[in-house]
Amino acid sequence: MRGTRLKSVGAALSAAVLSVSILAAGQEATAAPTLSTWAPAATAEIHPGVQTYTDGGQCTANFVFTDDAGNVYLGQAAHCSGTGAATDTNGCDAGTLPLNIEVTFNKGGSLVSGGTVVGRGTLAYSSWNTMQERNESDANTCAYNDFALVKVAAADVAKVNPTVPFWGGPVGLNTTGTQAGDKVYSYGNSSLRGGRTELSPKTGVSLGQDPADGGWTHPLYTATPGVPGDSGSAFLDAEGNAVGTLSTLGLAPLPASNNIGDLAHELAYAQNHSGIAGLRLVLGTEPFDPAL
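Residue numbers for the sequence shown follow the working numbering, so the first one is 328 and each next one is one higher.
A hint or two may mislead.
Claimed, not checked - Using C-beta positions, here's what the derived DEER-type ranges look like: (1) G411 / A507: 28 to 36 Å; (2) A539 / A604: 32 to 40 Å; (3) A481 / D537: 26 to 34 Å; (4) A369 / A604: 30 to 38 Å.
It is worth saying that the hints were derived from the structure and are not from the lab. All C-beta atoms in this analysis are idealised placements derived from N, C-alpha and C, irrespective of residue type, glycine included.
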């Protein structure tokens, strides 16, 4: 499926640009530690859905992850640190920044400013960098593996909660994919909305899976499609399991659809090739409630 990336390229982005580049095995999940370990969900400043800024490009964090050393990570799209055009969707040859660059977590970012920095981290893993280092050749992996991890600075870990705002969860990791008609739930936080979080929760429906894609991607429609800055945002299935991360806007054959990367595939690749021992998804501290 043809598409463009959903990273926002900063406050100076013009409407003319927007019209052209609507972009820019092992342990799988762990129950959240005791509530005292995490900031309260209602007041946490760093959480799924927080804005991330990487070298001026704004995206949305998806889920929280941890490892055997007790480090805390937020997921974002690998293309958030990409250096190419919005149409560069092959992570095996697209330009990308190096690891260990700073990423900030922001609140209230808009086209006018980046808002308030509420925390900091460093880019610890990028599927694009890793695939290029490994000379990955599988076409589906190259096309759809769009996942990165930002290691939260030790001073900011106490600000983190793993719950997806508004919906709650995740309650687990979806390993079976989606079927046509399955409901999905998301929380985007594009700077184009000027910090208006009431526009962030989204519901949608899966368009099913193409067997030729090997389970790596799920096309879907939401009531309003993801826009620049929503890129990387979390998607939950109808049971509240983490199912995917927002990657591209579909242009053909399903215009205005979005494509999400399959988190189980993305996470397994990271577990096998990131060098991060015990990497796993952290479950939310709050229950999933699609009826909110």
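For each hint, the structure was consulted:
no.	hint	verdict
1	G411 / A507: 28 to 36 Å	holds (32 Å)
2	A539 / A604: 32 to 40 Å	holds (34 Å)
3	A481 / D537: 26 to 34 Å	violated (42 Å)
4	A369 / A604: 30 to 38 Å	holds (32 Å)
In the structure shown, a violation is registered for the earlier hint numbered 3 alone.
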